[in-house]
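Grab the two chains, each in its own frame, and use the hints to assemble them into the complex.
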Amino acid sequence: MSETAILTEKLTRRFGGLIAVDGIDLQVAAGQFFGFLGPNGAGKSTTIKMLTGLLAPSSGRMNLLGVDFTSNPVEVKRQIGVVPEGMGLFERLTGSEYLHFVGQMYGLDRATTRQRSEELLEFMQLADRPKTLVADYSHGMQKKLALAAAVIHGPRILFLDEPFEGVDALAAGALKALLGRMMERGVTIFLTSHVLEIVERLCSHVAIIHKGRLVAQGSLEELRRGVAGDSGTTQTLEAIFLSIVGQDGTERPQLEELSWLT
Amino acid sequence: MADLVRSPGVLAQIKLIARLRWRILRNGLRRKNNRMDLIGLIFASVFASILVLGLSGAFYAGGYSFVSGGHASRMAFLFWAIFIFWQVFPVFVAGFGSSFEFRTLLRFPIRLPAFYLIGLAYGLADFSAIAAICWLLSMAAGATVAQPSVLAALLLVVAAFVALNVTIERLLGSWFERLFARRRTREIFVGLFVLSMVALQFLSPFLQRYGKTLQPMILRWLPYLSVFPPSLAGNTIARAAEYDLGGALLSFAGLLAYILVFSALLWQRFAVQYRGEELSETSAPVQQAKRRVTPVTEGGDALSVLSPQIAAVVRKEFRYLTRNGFAFITLLMPPLLVLLFSSQFGGKHPTVSHRSISPEMFFPGMMAYLVLILLAPAYNSFAYEGRGIQTYFTSPVRFRNVLLGKNLLLVTVLAVEIVLAIIVFAFRVGLPAQPRFLATLAAIVFIVVGQLSIANWSSLSFPRKLEFGQMRNQRQSGIAVLLAFGVQIVLGGISTLILFAGKWTGNPWLPTEAFAFLAAAAVAGYVAALDPLDQLAQKKKEVLIETLCR
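Residue numbers (my numbering), protein chains in the order written: chain P, 1 to 262; chain L, 1 to 550.
Everything labelled a hint here was simulated from the structure, so no lab data went into it.
Note that CB positions come from ideal geometry on N, CA and C, so glycine has one too.
You may find that some hints are simply not true.
Unchecked claim - Under 7 Å between C-beta atoms, here's a sample of chain P residues computed to sit facing chain L:
1) I19
2) G53
3) K77
4) R78
5) G88
6) F90
7) F101
8) M105
Excised from the complex, chain L in its bound form (with noise of 0.2 Å):
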């Protein structure tokens, strides 16, 4: 029989678990590389701090005029205004928390009533839930300064919304967890996020264009939202303004409501966790019928001139773009950063500038953009190899051929993107003239393969693992954007004082020659760094190593 003599109530609990994950960041923080971690921590403390007091006094003053004006109704929009952020806000920082996962507990000799509660209680400690409160608390001051009447109503109000919000909040979190902890699922939402935030650029001339329209029917579809736990809390108050006592329990009964049904569900959700939920990656061994393997389709010898070890490369990497969700969907983005900027800047209609840009700027600039946003990977190429890099220093091959194959699919997605894009520009702003447009694709070969050395030397200097479909610390070395940005920034004025030069000489002819010159000479020099970043790939094959196997 073990020796407890008695489980510990769930305050001491909930205490030794605040005590555990405390002692979890301070030990995190004791690694050097975390140090960097301490100084971005206090940075975002102050931001956040700043953000919280500002926004409190902008609640207080809202509650204030809404209550004293004589329009608590429109208290709802400030309680739909929290009720966003504190369902929203936790999904867009789960990539910052703590790693420490609450499922563990699951461990210990504790009941399901008592796991509920510290779950809620870990839910209160989110940064969203404390900002949260601190606008409730604050609004309801200034309503009540502005109508010392309404103080039981909103106090009463905002414990239910604050036990409505966290009940939801850890639902929500909690079916997160349940679908995300297959990788596949991971992948595809990653790559919705970032087609969502690709989406939302486009909404603004959307709205330009069809705001007008789509008015009177968002009008009609807001009284619908009355029914909802935010318009319910600003409903009971507004009664309780006009002392309107069976007004303000009826909504609050509603409200009530909304918290049972979400308890209830959030019960079953805690008590499945409780009985030990099965989330793990790897299916169930079945039997299967056996067969024989299917060959590996290698899509027929369109690679036979490369030497088989960067030809192996080449195709691993394509194999790897495929099947990355994130990097594959930001191949998307090229023709369609091209769509949007040409809206707002370009073509006919712009919708930003009322005179359409020239493409004799806007076209290098465009592809500028574009060319720095598709080689910012190149700067750690090696970020998704895992434990995998080992097989290139096991196998007796030159480094040199991995970089070439890796360099070499870039190169092809690069030039297949920048076509796609040059397509969308001339249908939809048209090409500049053909010295200029020469003078840009030859900038591009200079400016791309110029970098590749850097990149390379950048990929083996400050190596950064990053998972496939996961926002969880998934963050580059800070040297190595740096070093993106630098590169491309000098490399960006080069080449606009070239352009320039050509303006300035009265020979639209000058820079596509400059260009084609340092084309050739970037390419002379990539071949001759090829060697000693071979070498130095030896020397730094144990950080690339301990770095990606981690």
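Same shape as in the complex, but just chain P (with noise of 0.2 Å):
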């Protein structure tokens, strides 16, 4: 069997009375990609912010590459790499000097810390304005710019927060080929996001919160299979997603309600 990336029992994030994240357990295998679904408000996020020390959980745990997160986040840190939500960018350093500086919180030697970040902004077309302050780069250099920071030190698994958000085809193109290094590393990638094709077209794993709860977890094919049943028929992952989240029908717009469009 292979190794776990990501385990987590009875995760569980509480905001005042409203329960985020409802003990949730997950079980994501090394080098896996793996796509966690949900629509809005439905927990993505805070369960990604838990999973990289960005929010501490109410209750449950948490276990990454056999370490646990609570008792040892420096040692998990380390081999985690993170695009957390807004991308966590110092937005008045240039990008060389932001991949210098992660490279360097991440413990990286400087003349490693150059190399890795020289190469990294030239593979991801970064290179060409070497004075722009990061405040001044376009959405998708600045995602381009954050998948670098995030894979610098070479992590063991990758925490991506809608990577491929308000981005263009061509700063697509960049991130997927990233990733897709990565993946030929063995590297493991939890990815959130909202189009579902990107998610069908790259994950070979997935898992649908909703609620607050794990409604869904597996593979793509052991998810089709699962809506099917047994008419055999090939569900796209769009329909898996609805069939799931939208069963009870209150996801669903109600279009007779708009007297006046008709």
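Right, dumping it as structure tokens:
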């Protein structure tokens, strides 16, 4: 059996009376490209924030690469790379300065940091604006820089919160190319996205969270089999997602309510 | 085809916008954090009402006395005062305005004339406009009571003056908006603003020294002011009071000419906005020649004695400091302040006191004041991190190292500033005796290091986000400010007592010894506090991230 990269047990996060994440048990094997899906407000970002140390869980356990997060946060963080919600960039540094900063925060020596920064900036096509501050980067350039910073130390798990949001096809291509390289290295990638086509194309395994609870988890094939039952039809991820999340009908817009549009 | 039956009229649109602004204000106050703002708003309103009403009385008296005393030409002074207030005040209070952007109206189907009129109506709803109109009417009432025959001329001039001022104010506002759309321009402006505020401090000693020389020069230039709108307005009233209809009409025509010119300019500006002006921060993409990335200049290995994480934080903090126009320019303050205070209170020719103050007390007092200024940012040291704060929590770094890096740069900057200030002090006033000098240096170490732990705690507990190069909504946490002042007063009080203890006991070295002991204790306390602060950072990370990433 392959090594487990991410394991959570009864992971829960409350905000006052609201339970944002309700006792989820996640299991992601090492080397998987894992898509974490859910409608808005389902608890995706809260989960990824807990898994990356940005948010403390109210209860439950998180184990990454066999190390307990709560008791060894620094050791775990050494092994992971993160593109958080909002990207977490220092906007008054240049792209190169930011990569140097992050490299050194992960304990890389200066020569290694310099070499990797230069290569990453070239790969991401960010090298032609050496003096431009991150604040003046376009959204796509910021996403590329955030991903470059997340991989500079060679992480074993990569957490990406909506990496393709607001990114054009060119920038998305660069992001996918880098993710492909990381997969070849055996890196586990944990990704949240609203763009189901991208998840379907990239991810081998998927989990769906709805109203704080994990409602489905498995490989794409397993999910398709679960939804199609004995009929044997091939379902798209969107159809699977809608059938699981929209089962109670509350998520579907009721067009008949817009009388003036008839 | 859209279902639109007819476009609403200009008045209906103005009403809609007034209602919208009111709702934005009301909904904003519903948030818990903004309740304190409401209290502040009430206080500000009461204060503003007193100011407006009080000055209205003064303008009434001015109008009455100038006209009844046969000095109607002096009405120009009143017009000048109102003109300057109306045009300058909005620039200063820009930071307290509503976040509603006038330009967002452009998404709706309004015509250019309506856009223009709504823009003017916006200008008339500003505090400066309301206050200025109150004063103009008071002045007109005073002048009318003194000589009822000038009423017609006054009403015409006041109406024209209001139209002119609101047009100029909107024009300046739209130019500023275009100018400040660029981040760099905003930062330079804030820097220049701070510098000009500092420069104003030197005005009083400058005038005391050179005022008499400048007086004839200023008087020689005064007649040239007569061609400007406030003088023309005053002259119209003066001519009307003297029943010189031709002169009054000529001056009034001049005023109308200004209105025409500025209205044309404003129309042109609004037309550009109406067509869709590009004010984006991001420059358009250009095809650039491919070249290899330029390695970051890291300034040698001066920081190699530090751990890579602490060194990275120090470098990042230094870059942030040099790119923050406001913070960087305030670094000029300490030597400038020594120069200012030494010219007023010390040295051979003090301008405020006739006897110069002895450096024995002046030196420690001056140093304490500088430490107060330089340490203030430490109480909200994450203010400019923005979303970057997340990097600290996702990196494998203990937060104590982040605090160490930040404190290290602050202490280095403070040391450089203090040395510069001491050099200026020695040049201007002279240094105190050796025991007092060394006691002050040891006291600085005690006060600075003693405060750092508290400042770190404050930064973690009461963070407030600040933006580079912006004056709008740039406020520190009230608790952090109170804490900073409280701690400085307590530490300053202790230090003063110790300094005087040396005098009372007749042992000049006693304060030095006491401060050396306290400084050592402060350093030990600082080191001991790092681990608890590290734990506190983990507890407070959600508040920090939420506040700074907003």
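Structure-based check of all given hints:
1. For P:I19, the shortest C-beta to C-beta distance to chain L is roughly 16 Å, which exceeds 7 Å, and the interface hint is violated.
2. Residue-level restraint check for P:G53 holds (minimum Cβ-Cβ distance to chain L is 6 Å; threshold 7 Å).
3. The beta carbon of P:K77 comes within 4 Å of a beta carbon in chain L, closer than 7 Å, and the hint placing it at the interface holds.
4. Taken as an interface hint, P:R78 checks out: its beta carbon lies about 4 Å from the nearest beta carbon of chain L, inside 7 Å.
5. Checking P:G88 against chain L by beta carbon gives a least distance of about 3 Å; that is within 7 Å, so the hint holds.
6. Because the smallest distance between the Cβ of P:F90 and any Cβ of chain L comes to about 4 Å, under 7 Å, the interface hint for this residue holds.
7. About 5 Å separates the beta-carbon of P:F101 from the nearest beta-carbon of chain L, less than 7 Å, and the hint is met.
8. With a least beta-carbon distance of about 4 Å to chain L, the hint placing P:M105 at the interface is held under the 7 Å criterion.
Taken one by one, the earlier hints fail for this structure only at number 1.
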